[in-house]
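Asker: Order-wise, the sequence lines are chains A and B.
Following the working numbering, the numbering of the first sequence begins with 209 at its first residue and continues without gaps.
Following the working numbering, the numbering of the second sequence begins with 44 at its first residue and continues without gaps.
Just so you know, these hints were derived from the structure itself, not from any lab.
All C-beta atoms in this analysis are idealised placements derived from N, C-alpha and C, irrespective of residue type, glycine included.
Just so you know, not all the hints are guaranteed correct.
[Said to hold, decoys possible] A few chain B residues that don't get close to chain A, going by computed Cβ distances all over 12 Å:
#, residue
1, Ile94
2, Ile129
3, Ile169
4, Phe173
5, Ser179
6, Val186
7, Trp190
8, Leu198
9, Arg366
10, Ala381
11, Val406
[Said to hold, decoys possible] Which chain A residues face chain B? A few, computed with CB under 7 Å, are given here:
#, residue
12, Tyr272
13, Gly274
14, Val283
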Amino acid sequence: MTPVATPFFFYMLSGLMVVGGLFVITRRNPVHSALALIVTLLAQAGLYLMLYAPFVAGVQIILYVGGIMVLFLFVIMLVNLERTEREKPFNKQWLVGLAAALALGAMFVGVYVKGRALLPEQTVSLPEAENTQQVGLMLYGNYMLAFEIASLLLLVAIIGAVVMAKKRI
Amino acid sequence: MPSYITSYLEKSVQVTPGEAGNIFWAMVYILCVFGGVSLVVVCMNWLERKILAHMQIRLGPMRVGPHGLLQPIADALKLILKEDIIPEGADVLVFWLAPLIILLAVFSVYCVIPFGPTHAITDMNIGLLFMLGVSSLGVLGIVMAGWASNSHYPLIGALRSSAQMVSYEVAMGLAVVSAVLMTSLNAQGTGTLSMIGIVQAQQAQHTWFLFKFFPLGVVAFVVFAIAMIAETNRAPFDLPEAESELTAGFHTEYSGLRWSLFMLGEYAAMIAVSSIAITLWLGGWMRPFPHLLTGPIWDLAFSLFPALTFFGLAALALYAVGRMWKVPYFRAQAIGLAGLAAVFGLIGFVLLLPPVRTGVQDVYWFVAKIAVFLYLFIWYRATFPRYRFDQLMRVGWKVLLPIGLIVLVLTAIAGVIFG
Numbered sequence: 209m210t211p212v213a214t215p216f217f218f219y220m221l222s223g224l225m226v227v228g229g230l231f232v233i234t235r236r237n238p239v240h241s242a243l244a245l246i247v248t249l250l251a252q253a254g255l256y257l258m259l260y261a262p263f264v265a266g267v268q269i270i271l272y273v274g275g276i277m278v279l280f281l282f283v284i285m286l287v288n289l290e291r292t293e294r295e296k297p298f299n300k301q302w303l304v305g306l307a308a309a310l311a312l313g314a315m316f317v318g319v320y321v322k323g324r325a326l327l328p329e330q331t332v333s334l335p336e337a338e339n340t341q342q343v344g345l346m347l348y349g350n351y352m353l354a355f356e357i358a359s360l361l362l363l364v365a366i367i368g369a370v371v372m373a374k375k376r377i
Numbered sequence: 044m045p046s047y048i049t050s051y052l053e054k055s056v057q058v059t060p061g062e063a064g065n066i067f068w069a070m071v072y073i074l075c076v077f078g079g080v081s082l083v084v085v086c087m088n089w090l091e092r093k094i095l096a097h098m099q100i101r102l103g104p105m106r107v108g109p110h111g112l113l114q115p116i117a118d119a120l121k122l123i124l125k126e127d128i129i130p131e132g133a134d135v136l137v138f139w140l141a142p143l144i145i146l147l148a149v150f151s152v153y154c155v156i157p158f159g160p161t162h163a164i165t166d167m168n169i170g171l172l173f174m175l176g177v178s179s180l181g182v183l184g185i186v187m188a189g190w191a192s193n194s195h196y197p198l199i200g201a202l203r204s205s206a207q208m209v210s211y212e213v214a215m216g217l218a219v220v221s222a223v224l225m226t227s228l229n230a231q232g233t234g235t236l237s238m239i240g241i242v243q244a245q246q247a248q249h250t251w252f253l254f255k256f257f258p259l260g261v262v263a264f265v266v267f268a269i270a271m272i273a274e275t276n277r278a279p280f281d282l283p284e285a286e287s288e289l290t291a292g293f294h295t296e297y298s299g300l301r302w303s304l305f306m307l308g309e310y311a312a313m314i315a316v317s318s319i320a321i322t323l324w325l326g327g328w329m330r331p332f333p334h335l336l337t338g339p340i341w342d343l344a345f346s347l348f349p350a351l352t353f354f355g356l357a358a359l360a361l362y363a364v365g366r367m368w369k370v371p372y373f374r375a376q377a378i379g380l381a382g383l384a385a386v387f388g389l390i391g392f393v394l395l396l397p398p399v400r401t402g403v404q405d406v407y408w409f410v411a412k413i414a415v416f417l418y419l420f421i422w423y424r425a426t427f428p429r430y431r432f433d434q435l436m437r438v439g440w441k442v443l444l445p446i447g448l449i450v451l452v453l454t455a456i457a458g459v460i461f462g
């Protein structure tokens, strides 16, 4: 089946992401920020789908929206909301922020101006049905070592969390 | 335009409307599924009370209609007419969005449920991931509802719910992976995540995955079956809405129509998770013993089941008419019940016609399996006492998770040796 109205969906999803991102940093209430972040992450999953990467999109929803964001909300609800709402939500490090924003903006402009020369003319288009298999083969074949190192890091993080949470072991 | 509609009905088209790209038939399927699920939820409302009541040696609803059959309609009217209260200090937008998100998440899942080889709204090659991912969005609705109510009991309910869902999703995922591993035991060695593909893999391997590598399939199924009750917040894992501790948990502050949306979402989620279990382990749309009892006679015998079910329902209704009090006050109820029996009988006769008989086979067996699961949900509720929260966490992390891991590893080993 050929894709329908691709530019429309791209701009809609990108717009949703940008608006969601803006809401994340401007809302005073942390719960509202978290909900806006969920919208952003879901729109990102939609963008993955448009790039013919359904597996990545599915994992994005399961891990980020269904797992991490639920834990985020869990923690936000436990902390004292009244205090955080009275505080100024913006940090004082505007100089660093400005530098980072300028660098990012310069990169965007650069990509926009010289993108045609920098990026490859054609991308490799894998059939959609094989996407999941390809991800599996890559993870357990070419990138085995990186995959195992990541799992080891996660194990370390889990043990660290248990050590910090338990008073007596 | 008519050719667009009829083109999907040709014999050569053997895919779901979503894959065929036929928007008209996709809409028809969506409406059928939505209507069917809503109808089942209404029936479940009555059945749950009635079955629970009989298990506890009570009568249950008896007043509205014969044997309380019109009780769901009365309830729906009451809920629609009730005042819609939004508590003071509540976060209005989030309060308003929460039930909608639950409904949206639950009904999106129905996109990929395969009621038959071509009877699904669409088939995705990440169907299973999609189902697990989107159904995990439902917990967001619960958390939002609990937080937005600005009240203590709902907040505790929401916290419990999020902890419970995240814990049991792990065990559920491991059980699901061991079933997906079994789909890869073919000549090419590639598995599939597509819901239709999973059932076709069971067809190709001539067994339900429940009985594959006995007892590994059964154990994985049991892990999933326990986790799925926790995922849907049903007894004995209904801590987010434990009425003895939290009045009604996360939906304490909701009333009227909004509350009924939570109800609809809960029952629709029960159907959705049951259909995941059926697709993965119980052979989806396949009839019982599809490879053992073969031949035209067995095919005919099994194809009579849908009609027999409706004849049975009609007989039950007629029996109830016979037992009705012979007083004028009950005459209207007796006539109504006899009319219901006539409708059931008529549907049974329609299902006897050969083209209809073969057409509804797949859907019938899928729905029959769902019905067994829904009965089990009610049965559990009547049987098991509610867990304490620490017990719930212990079961999730210290029992189900290790069992799920062991089963996964053993399934992989068995697949290499025997597959």
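Asker: Against each hint, give a clear statement of whether it holds in the structure.
Answerer: The hints, checked one at a time:
1. Ile94: For B/Ile94, whose nearest Cβ neighbour in chain A is about 32 Å away, the distance exceeds 12 Å, so it holds.
2. Ile129: About 17 Å separates B/Ile129 from the closest Cβ of chain A, which puts it past 12 Å; holds.
3. Ile169: violated, 4 Å
4. Phe173: At roughly 6 Å from the nearest Cβ of chain A, B/Phe173 sits no farther out than 12 Å, so the non-interface label is violated.
5. Ser179: Since the minimum Cβ distance to chain A is about 3 Å, B/Ser179 lies within 12 Å and the statement is violated.
6. Val186: Since the minimum Cβ distance to chain A is about 5 Å, B/Val186 lies within 12 Å and the statement is violated.
7. Trp190: Violated: least Cβ distance 6 Å, not greater than 12 Å.
8. Leu198: At roughly 6 Å from the nearest Cβ of chain A, B/Leu198 sits no farther out than 12 Å, so the non-interface label is violated.
9. Arg366: Non-interface label on B/Arg366 holds, nearest chain A Cβ at 50 Å vs cutoff 12 Å.
10. Ala381: holds, 49 Å
11. Val406: B/Val406 clear of chain A: closest Cβ-Cβ about 25 Å, beyond 12 Å.
12. Tyr272: violated, 10 Å
13. Gly274: With Cβ-Cβ at 3 Å, under 7 Å, it holds.
14. Val283: violated, 10 Å
When each numbered hint is compared with the structure, violations occur for hints 3, 4, 5, 6, 7, 8, 12, 14.
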